[in-house]
Amino acid sequence: MADLPEKFRSRDSVAGLGIAAIGGVFALGALRFGTGTLTEMGAGFFPFAAGLIAILLGFAVFVSAWRKPPVPITRPAVRAVLFVTASVVVFALTIDRLGLLPAIVLCGIISALADRSTRLHEAALLAVSLAIGIWLVFVQLLGMPIPAVAGV
Amino acid sequence: MEILANLGSGFVQALTLTNLFYCFIGVTVGTFVGVLPGIGSMIAISLLLPMTFYLPADAALVMLAGIYYGGEYGGSIASIMINLPGSASSAVTTLDGYQMTLKGRSAQALFLTAIASFIGGSIGIVILAVFSPLLADLSLRFGPADYFSVMVLGLIAATCITQGSVVKSCGAVVVGVLLGTVGTDVNTGIQRFTFGSFDLYDGISVVIIAMGLFGLPEIIANIGQPRHGPAKTSVRLRDMRPTREDVRQSAGPVARGGLLGSLLGALPATGPTIAAFLAYALEKRVSRHPERFGTGIVEGVTGPEAANNAAAQTAFIPTLTLGIPGSATMALILGALMIHGIPPGPRLMTEHADLFWALVASFWIGNLLLLVLNIPLVGVWIKLLSIPYRFLFPAVVCLTCVGVYSLKLSSFDVFMVLGICGLGYAMRLLQIDAAPLLMGLILGPMMEEYFRRAVLLSMGDLTVFLTEPISAGVILTTVVLLIWSATKGKQLARKLEQGD
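Chains as they are written, first to last, in the numbering used here: chain A, 1 to 152; chain B, 1 to 500.
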């Protein structure tokens, strides 16, 4: 990134290129479903047309960014991103194997630590109470078929 | 008179124990998230949406709607007590509301706000009950081409008043439409963009998109931000009684705010936030002492609060009668209807008339409950303001995971919400508004259907959208709106951002 000209790293040029890229991926993919004709539209017609529009809009954003002074992209909150991502991944990996209560406790502890000032014992206490509360509402009250602890 | 009969049966259905219970839950949760800055009704509705799969359709909608208008009540509490709006539509209430707190009049400000909200909401409900049947009758004449055009208008209108660039928001709409094409194509049965994975056959769930775009990125952005201190004053019930002067000065602003809010709420894109700002501007304009606004006068609080609550009610008019949501939150309500197997559109009013009237009746019951929640129990909500954010957001993360998992008991969906969160957070960093994306996602499949039907009926003639009279009128409006937003709208948006 660093060696790119400054204009390319401007917030709106990245936004424009991103929108155009998503449009491009969908438009290309849509071709495989067959676009058909106007009287007999294929499954690919609508996504192809929408993809083209996205490409056009993306380039419009890109071009208008080019004409303005560059605006830097907001810096991401690295710690929050890492901890929240980790907590969701851990939940997804443990829910089937360990069951609802352990998955929520782990997810709760890890996500709570995303805030620098939260201590471990606070996080654990919070996570355990969340697990019990969610279990009560989802499983007991609403009757969702999720085992509290897998294998029990 | 037919309205009264309909309303009567609506009240009978809304007053069943189940519906009353979920109405209460809805408005309580709404007030709760409304009070807390950094968690809005949008997040709360997406968190509770998966739970409603286990409820009957009427109870589910009564609850979700309750969260929405309940949030309008709660938002003003934070504005008045700590000078920080609990929700965007209460931002303007900070101007005079917090000044009243500084003058030691917070109890009266809260009382007047609750009453103004109730009256504003009631005006909105009356207008909703009177005009919805008329609009539904009119829309029965819509053909597929007309529907397509109205949806385009709705989407364009949604992009015009967002902050930042209109073109970027249009881009977000189209990205949403594209994500909406994922899944089985209803006309040909072809799998589109599923990569052969069974998990994507039904498309990407609205719940996943809403939680991924709004819930998680909002939290990540708010973690570690410097937070507000607790409210300094406590509020006692006996301090709440407003002076005779307060009541006299509020009557006009509440009536004007309620009517203005009702109008703006029903229009696409101009929701409660714009309504509150414009009501404030209107009061300042008609006042004989405009210089006193911002110093803690009651007109500056009651007018906007009546307006945003009225708008929150009339926002349901286009959503329920046309099936076209005016905002991302309304799009989510529409998604909830579809999840419960109720096709949105003009026929909702005839085929599901009982549901419609039960909802209308529940709105008024909900507003009555909110009055109780917000006057005698206001102290509880003020205490809530002292809960630190770091103890709240883990609950949102866990509820997101469990809610998404409960959709299909699939951990694939949990990974998917993370992927959408990545997209949502990137959009946040690039300052692309996510609300238009959600609207595009929900309206996209319907637009495709109407587009196909319209073009099929016209034998492949694309000019059908300009030759059908209703459609042509709507397209013309859209073009005018686009030109307006490129010129005048920019100035208005800038003014709104500065809170002028």
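Keep in mind that the hints were calculated from the coordinates and are not lab data. It is possible that some hints are incorrect.
[Stated by the list, open to error] The calculated label-pair distances, taken between Cβ atoms and stated as ranges, are: (1) B/VAL186 / A/ARG119: 49 to 57 Å; (2) B/ALA88 / A/ASP96: 51 to 59 Å; (3) B/PHE198 / A/ARG119: 53 to 61 Å; (4) B/THR295 / A/SER117: 31 to 39 Å; (5) A/ARG119 / B/ILE3: 27 to 35 Å; (6) B/GLY196 / A/LEU38: 25 to 33 Å; (7) B/ARG288 / A/GLY24: 24 to 32 Å; (8) B/TYR54 / A/SER129: 44 to 52 Å; (9) A/LEU142 / B/LYS383: 43 to 51 Å.
[Unchecked claim] The calculated lysine to any residue pairs, modelled on SDA-like cross-linking and capped at a C-alpha distance of 25 Å, are: (10) B/LYS103 / B/ARG248; (11) B/LYS408 / A/LEU125; (12) B/LYS408 / A/ALA86; (13) B/LYS383 / A/LEU125; (14) B/LYS383 / A/ALA86.
[Claimed, not checked] Only part of the chain A face toward chain B is listed, based on derived beta-carbon distances under 7 Å: (15) PHE33; (16) LEU56; (17) GLY58; (18) PRO102; (19) ILE104; (20) ALA114.
No experiment lies behind these values; they were computed from the predicted model shown. Just so it is clear, CB atoms sit at the ideal spot from N, CA and C, and this is done for glycine as well.
Each hint tested on the structure:
no. : hint                            : in the structure
1   : B/VAL186 / A/ARG119: 49 to 57 Å : holds, 52 Å
2   : B/ALA88 / A/ASP96: 51 to 59 Å   : violated, 39 Å
3   : B/PHE198 / A/ARG119: 53 to 61 Å : violated, 43 Å
4   : B/THR295 / A/SER117: 31 to 39 Å : holds, 37 Å
5   : A/ARG119 / B/ILE3: 27 to 35 Å   : violated, 58 Å
6   : B/GLY196 / A/LEU38: 25 to 33 Å  : holds, 30 Å
7   : B/ARG288 / A/GLY24: 24 to 32 Å  : violated, 59 Å
8   : B/TYR54 / A/SER129: 44 to 52 Å  : violated, 23 Å
9   : A/LEU142 / B/LYS383: 43 to 51 Å : violated, 28 Å
10  : B/LYS103 / B/ARG248             : holds, 20 Å
11  : B/LYS408 / A/LEU125             : violated, 29 Å
12  : B/LYS408 / A/ALA86              : holds, 22 Å
13  : B/LYS383 / A/LEU125             : holds, 21 Å
14  : B/LYS383 / A/ALA86              : violated, 32 Å
15  : PHE33                           : holds, 5 Å
16  : LEU56                           : violated, 9 Å
17  : GLY58                           : holds, 6 Å
18  : PRO102                          : violated, 12 Å
19  : ILE104                          : holds, 5 Å
20  : ALA114                          : holds, 5 Å
In summary, the numbered hints that this structure violates are 2, 3, 5, 7, 8, 9, 11, 14, 16, 18.
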